[in-house]
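Dock chain W with the ligands against chain B, hints included.
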Amino acid sequence: MKAFASLLERLAFTPSRNAKLQLVRHYLERTPDPDRGWALAAMTGDLQLRTVTPSMLRGLAAERLDEKLLALSYDFVGDLAETIALVWPDGAEDDPSLSQAVDLLRTTGKVALPAAISAMLDRLGPSERLAFLKLATGNLRVGFSARMARMALAGMGGPSVPDLEELWHGLSPPYVPLFDWIAGGARPENAARAPFRPVMLATPTDLEELRALSPDDFYAEWKWDGIRVQAVSDEGIRRLYSRTGEDISEAFPDVIDAMDFDGTADGELLVRRDGEIAPFGELQKRLNRKSVGKGLLASHPAGLRLYDLLIWLGRDLRSEPLHQRRAVLDAADFGDARIDVSSLLKFATWDDLAKLRADPPATVIEGVMIKRRDSAYVSGRPRGPWFKWKRDPMVVDAVLIYAQRGHGKRSGFHSDFTFGLWDGPELVPVGKAYFGFTDAELRELDKFVRANTTERYGPVRALAPKLVVEVAFEGLNRSSRHRSGVAMRFPRISRIRWDKPAAEADHLATLEALL
Amino acid sequence: MRADSILFPTESGLYCPEGGFHIDPLRPVERALITHGHSDHARSGHGAVMATRETLDIMRLRMGPDFAASTQIADGPTRIGGVTVSFHPAGHVLGSAQIAVTPDRGPKIVVSGDYCRAPNPTCLPFEPVPCDVFVTEATFGLPVFRFPEPLTQAAKLLASMAEFPDRQHLIGAYALGKAQHVISLVREAGYAAPIAIHGALKTLCDYYIGQGVDLGELIPATADEVPAQLVIAPPSAFASLWVQRFRDPVIGFASGWMAVRARARQRGVELPLIISDHVDWPSLTATLTELAPSEVWVTHGTEDGVIRWCELAQTPARPLRLVGYEDEAE
Ligand SMILES: [Zn+2]
Ligand SMILES: [Zn+2]
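Residue numbers (full-length UniProt numbering), protein chains in the order written: chain B, 1 to 515; chain W, 1 to 330.
These are computed hints drawn from the structure, not numbers from a lab.
Mixed in with the good hints, there may be bad ones.
Here are the simulated lysine to any residue pairs, SDA-like style, with alpha carbons at most 25 Å apart [said to hold, decoys possible]:
#  : chain 1 : residue 1 : chain 2 : residue 2
1  : B       : Lys68     : W       : Leu288
2  : W       : Lys108    : W       : Thr78
3  : B       : Lys68     : W       : Glu311
4  : B       : Lys68     : W       : Ser294
5  : B       : Lys68     : W       : Ala262
6  : B       : Lys2      : W       : Glu311
7  : B       : Lys68     : W       : Leu322
8  : B       : Lys68     : W       : Leu151
9  : B       : Lys68     : W       : Thr152
10 : B       : Lys68     : W       : Gln314
11 : B       : Lys68     : W       : Asp4
12 : B       : Lys2      : W       : Leu151
13 : B       : Lys68     : W       : Thr302
14 : B       : Lys68     : W       : Lys108
15 : B       : Lys68     : W       : Thr78
Pulled out of the complex, with its shape left as it was, chain B reads as follows (with noise of 0.2 Å):
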């Protein structure tokens, strides 16, 4: 740990590009298997550990020291995690390598991790603690970057950058492979295997915006609220990044299982059960993790919704229109039920489209993705190409004043309600709400009207002011039609409150204030 800090200390009083270069080569020659591959990580910003937070510091540090003094000396310093590291009461130095402080960041729970931070600095000396701390709030800071480790690697006398970027993305700390190779070893050729290719993105819109643009020339899907990923199995390799490259193949041994194909794919990663997608907290319990126990995997099950291919037996596609994409894609056997398609959605106008975004089947989904079907796989954020119309509706709570049967599938149960918002003692109507709950909730909304009818007007029930429903809609309009002059786009019930009481729920003035 000694020779890392004075390396990040000298690092960061140092301004020139080669001055560091030298700095970080000479330590990587000098510093032993695996503390160099966790510097080099820890630099350039590759190293994912479990972060600490400020507020966790300022209690062990309080543990130490008199708050007052720790006041003034943070006051003085203005870093806490220099603070610290400067107060910390100097214990026995033993000089703990930076492998086992790695090991403590990456391992540690959240329970324990405070306890085994503060013995972590007991044992370090002041500027070993500073490192560890920067370590420890993911702050290093040192303008350090992995081009630069690339280049310092290079300096080592082995391969060139070239070389060396090939297959940067195949290689994970703390490095040892490569290593080896700079030393003179065995290239690692599989980590030259699945590369990880520039992800193409999407840029937000709305309705205003796709009313200049033609509907039949895009494709649309869900949206679907889990992670972007991309899957690649090249040659018995199977690699799993994110849509920044970061290798995540660890946290899904199952996903990894199913990829029997040959190709590059671009997809959602999600927790799914019997064909249900789960929300995504269900997910973020997978996320992080450097290895799954079966429990996990067999409780959170994990699946690759497909919807673009970058390169399939050998093809590289991305230059090809999305629709051929689409063709190919729609033709692969996966043969795995952990991995699908996603499905096109059918629409002729952006209303439509604006309806099935209003009411999607499933709560896990976002809203829509629009994508133009003579588009190129291109990397990065061009506008045009790719849009994500997000579900970003507005709420009120509002109180259910009338309901009136449903027709078809619904003709049994009141399933048209009139919703209203106080204004004064009064229940103004303001929408009428057809759908958002599921076959259960009708059910019990129909319990509810046929309890607490007070009036029929042929159809109509009028009904006792009792039930809050979270009404969520698109947007609002002034309407001289409508009784409170405003009226709702794509109203519907998003949760109902039978908790909460009638008199708390919203006012006009709420819904008018949000015109």
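This is chain W with the ligands only, laid out in the frame that chain B set:
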């Protein structure tokens, strides 16, 4: 007699009416006792000046022979008016002393001036003097200041010189005390090659050598090509034309302030060396514990930190709020 009527701050500095003298006065006074030769403590134009022999020498070298109307070398306990004064080594720079003021009746006060407890081969070590009131500086009066072993900093400098053998290392160090301290540390760390010094350092380095401090071979850094990898210069030289003769040097600075990164960045240095001639927090608080005075007065620096420490240690403490001491040496 109460302590604060024996000695108290005035516009001219700490004043002792019983003895009719000021300690380290900020403006010309009739009778001055000087702790050490730094320019914020030792000024010219006083009537009678009493200090250690070395401090008087240094004042003469820096200000010329007429810096005071008369001088007296401090030598053992001396009666001045109604009090007895004595000078004791402070470990800060060559000749630096603490001044003990003992009234016939009443508390004994020790004014430490600037002091340091870390071993320094260029001056006598700090001598703890039992007292009732201890007047401490607080230049580095916060727990963030815990200076490393000075030799580790010399090792850091030598490692950098080995890392960049083709680059000259220009180290900023103040002329009195710090420059000689840095040079002697580098020598102690085993560096034997000639060290170049800026012209402004010559007089005091020669004086130190004359007093028996071994600085090794020093050469002037005045030629267009300075044939030494290590060059010591006062901080002011870095803003002058002089510095332009060096191509791509590594600029360093030796100071206790280098312990804090923001301070080091302000200086724009590439190689911060934490070398101080002042007490750091652990030795300041250890000194207070060791001396266990019944009262602590705090002069220049970060008084708040020291006052808080005294509060926690249940030692009465107060800031003297003297202005005008600018820590020349740091
Ligand atoms: Zn001084
Ligand atoms: Zn001073």
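To see whether the hints hold, each was checked on the structure:
Of the pairs offered as hints, the one joining Lys68/B and Leu288/W holds, with about 19 Å between alpha carbons and a cut-off of 25 Å not exceeded. For the proposed pair Lys108/W and Thr78/W, the alpha carbon gap of about 14 Å is at most 25 Å, so the pair holds. A hinted pair counts as satisfied when its Cα atoms are at most 25 Å apart, and Lys68/B with Glu311/W qualifies at roughly 11 Å. The hinted pair formed by Lys68/B and Ser294/W meets the criterion: a straight-line CA distance of about 23 Å does not exceed 25 Å.
Straight-line distance between C-alpha atoms of Lys68/B and Ala262/W comes to about 21 Å, which keeps the hinted pair within the 25 Å bound. Between Lys2/B and Glu311/W the alpha-carbon distance is near 36 Å, which puts this suggested pair outside the 25 Å criterion. Proposed proximity of Lys68/B and Leu322/W is supported: the alpha carbons are some 24 Å apart, at most 25 Å. Pair hint Lys68/B plus Leu151/W does not hold up; C-alpha atoms about 32 Å apart against a cutoff of 25 Å.
Between the alpha carbons of Lys68/B and Thr152/W the distance comes to roughly 31 Å, so the proposed pair goes past 25 Å and is violated. Annotation: proposed proximity of Lys68/B to Gln314/W holds, straight-line Cα distance about 15 Å (limit 25 Å). At most 25 Å may separate the alpha-carbon atoms for a hinted pair to count; Lys68/B and Asp4/W exceed this at roughly 28 Å. The suggested pairing of Lys2/B with Leu151/W holds, with an alpha-carbon distance near 16 Å, which does not exceed 25 Å.
Simply put, Lys68/B and Thr302/W have alpha-carbon atoms about 14 Å apart, close enough for the 25 Å limit, and the pair holds. Proximity of Lys68/B to Lys108/W is assessed by CA-CA distance (about 31 Å); at most 25 Å being required, the pair is judged violated. Taken as a hint, the Lys68/B and Thr78/W pair is broken in the structure, with Cα atoms around 43 Å apart against an allowance of 25 Å.
Of the numbered hints given earlier, the model fails hints 6, 8, 9, 11, 14 and 15; all others are met.
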